[in-house]
Amino acid sequence: MPELPEVETFKKYFDNTSLNKTVKDIKIRDNRILKIPEEQFIKEVKGQTFKSTLRHGKYLFVKLNSKYIVFHFGMTGDFEYFNDLNDEPIHSRILFELNNGYYLSYISMRMFGKVDLTNTVKEFLKKKKLGPDGYTMTIEEFKDTLKRRSAIAKTALMDQSIIAGIGNLYSDEILFRTKIHPKTKINLLTDAKLVDLFNNIKEVLKFGIENEGDLSIYPNNFLIPHRVLEEKCPICGTILQRYEISGRHGFFCATCQSLK
DNA sequence: GGTCATGTTGACTA
DNA sequence: TTAGTCAACATGAC
Numbered sequence: 002m003p004e005l006p007e008v009e010t011f012k013k014y015f016d017n018t019s020l021n022k023t024v025k026d027i028k029i030r031d032n033r034i035l036k037i038p039e040e041q042f043i044k045e046v047k048g049q050t051f052k053s054t055l056r057h058g059k060y061l062f063v064k065l066n067s068k069y070i071v072f073h074f075g076m077t078g079d080f081e082y083f084n085d086l087n088d089e090p091i092h093s094r095i096l097f098e099l100n101n102g103y104y105l106s107y108i109s110m111r112m113f114g115k116v117d118l119t120n121t122v123k124e125f126l127k128k129k130k131l132g133p134d135g136y137t138m139t140i141e142e143f144k145d146t147l148k149r150r151s152a153i154a155k156t157a158l159m160d161q162s163i164i165a166g167i168g169n170l171y172s173d174e175i176l177f178r179t180k181i182h183p184k185t186k187i188n189l190l191t192d193a194k195l196v197d198l199f200n201n202i203k204e205v206l207k208f209g210i211e212n213e214g215d216l217s218i219y220p221n222n223f224l225i226p227h228r229v230l231e232e233k234c235p236i237c238g239t240i241l242q243r244y245e246i247s248g249r250h251g252f253f254c255a256t257c258q259s260l261k
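Those letters in the first sequence? Residues 2 to 261, per our numbering, in order.
Think of the hints as simulated: they come from the structure by calculation, not from any bench.
Predicted model, so just to flag it, every value in this text is computed and none were measured.
Fair warning: there could be bad hints in the mix.
What the hints assert, rightly or not - Here are the computed distance ranges between Cβ atoms for each label pair:
hint, residue 1, residue 2, range
1, Glu40, Cys237, 21 to 31 Å
2, Glu142, Gly48, 33 to 43 Å
3, Lys128, Ala255, 34 to 44 Å
What the hints assert, rightly or not - List time: in silico EDC-like cross-link candidates among lysine to aspartate or glutamate, alpha-carbon distance up to 20 Å:
hint, residue 1, residue 2
4, Lys12, Asp117
5, Lys13, Glu124
6, Lys22, Asp85
7, Lys25, Glu81
8, Lys13, Asp31
9, Lys130, Asp117
10, Lys47, Asp134
11, Lys47, Glu98
12, Lys194, Glu204
13, Lys28, Asp85
14, Lys144, Glu124
15, Lys68, Asp160
16, Lys233, Glu245
17, Lys186, Asp160
18, Lys52, Glu98
19, Lys64, Asp117
20, Lys128, Asp117
21, Lys64, Asp26
22, Lys203, Asp134
From the three backbone atoms N, C-alpha and C, an ideal C-beta is built for every residue, glycine too.
Start from the sequences and build out the full structure, keeping to the hints where you can.
Below, the structure is given as structure tokens:
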């Protein structure tokens, strides 16, 4: 699932179920999901307590006594908290046995997710070259990160080193709402349009978070329910255009989002 | 069987 | 350096 709103939802789920619990045991169901050797991961995490969590972009950090576990959910990641080991999900890749008798599974059907360890969040963000978090960044950080950039809007929004957290679907929604053509060069936007874009990033992500990343409940006036061939723009009725940028498919309204 | 998918990364070309 | 393209990764749905 995960773009920023989904990861925020996973964070809340983790906080509500597993925070302050101690890891009694760990079972690695598939070590391809780990960025570090299995033995090392187990050694560093077993016996530790989940002290706090922090989300940056699409990454979730879980603080142990000193180090952090870093969860990335790829396209099909999830958590599941349960009591009976028989309920372990099919695609459970890492199983944490907690000291209250419950289990937490890190799930990844397609194995695109990754689990890592880091000494500090700062160090990890630097290593991954992640930009400011899309949901919590300030307008100053936003303008600063776009400075001297000439990428097209769609690419810029999805580039995690520019802004962290926005993916294919939400970038389409944000551009639609701001009435920006996906191929508009970011440095050609007026200051007013940039502020508009900033506000819409916040609003779209906020809406996503409030709905726990559930894309099936989106109102008709959003683009997301219409990202299908032959669908019409909910604002003006024009047939939406499908486009491709760097191997990712998007939709936009050629009338509402004209390229000036 | 073919195509597509909410993501990231590294190689390669301007 | 910055931008953009593409293949690779692994699996399930239609």
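Outcome of the hint check:
Taking 21 to 31 Å as the suggested C-beta distance range, the pair Glu40 and Cys237 does not conform, at roughly 59 Å. A hinted range of 33 to 43 Å holds for the C-beta pair Glu142 and Gly48, which are about 38 Å apart. For Lys128 and Ala255, the Cβ-Cβ distance of about 40 Å falls inside the hinted range of 34 to 44 Å, so the restraint holds. For the given pair, Lys12 sits about 16 Å from Asp117 by alpha-carbon distance, which is consistent with the 20 Å threshold.
Among the hinted pairs, Lys13 with Glu124 is inconsistent with the structure: their alpha-carbon atoms are about 24 Å apart, more than 20 Å. As the CA atoms of Lys22 and Asp85 are separated by approximately 17 Å, the hinted pair is consistent with the 20 Å bound. With a C-alpha separation of about 17 Å, the suggested pair Lys25 and Glu81 falls inside the 20 Å cut-off, and the hint holds. A threshold of 20 Å between alpha carbons decides the hint, and for Lys13 with Asp31 the separation of about 25 Å lies outside it, so the pair is violated.
About 16 Å separates the Cα atoms of Lys130 and Asp117, which keeps this hinted pair within 20 Å; it holds. Taken as a hint, the Lys47 and Asp134 pair is broken in the structure, with Cα atoms around 30 Å apart against an allowance of 20 Å. With a CA separation close to 9 Å, the supplied pair Lys47 and Glu98 stays within the 20 Å bound. For the given pair, Lys194 sits about 15 Å from Glu204 by alpha-carbon distance, which is consistent with the 20 Å threshold.
Between the alpha carbons of Lys28 and Asp85 the distance comes to roughly 15 Å, so the proposed pair stays at or under 20 Å and holds. Of the pairs offered as hints, the one joining Lys144 and Glu124 is violated, with about 23 Å between alpha carbons and a cut-off of 20 Å exceeded. Between the alpha carbons of Lys68 and Asp160 the distance comes to roughly 27 Å, so the proposed pair goes past 20 Å and is violated. Between the alpha carbons of Lys233 and Glu245 the distance comes to roughly 18 Å, so the proposed pair stays at or under 20 Å and holds.
Between the alpha carbons of Lys186 and Asp160 the distance comes to roughly 14 Å, so the proposed pair stays at or under 20 Å and holds. Restraint check for Lys52 and Glu98: satisfied, since their Cα atoms lie roughly 16 Å apart, inside the 20 Å limit. For a cut-off of 20 Å, the pair hint linking Lys64 to Asp117 stands: about 12 Å separates their Cα positions. Among the hinted pairs, Lys128 with Asp117 is consistent with the structure: their alpha-carbon atoms are about 12 Å apart, no more than 20 Å.
For a cut-off of 20 Å, the pair hint linking Lys64 to Asp26 stands: about 17 Å separates their Cα positions. Using a Cα cut-off of 20 Å, the hinted pair Lys203 and Asp134 holds, with the two alpha carbons roughly 11 Å apart.
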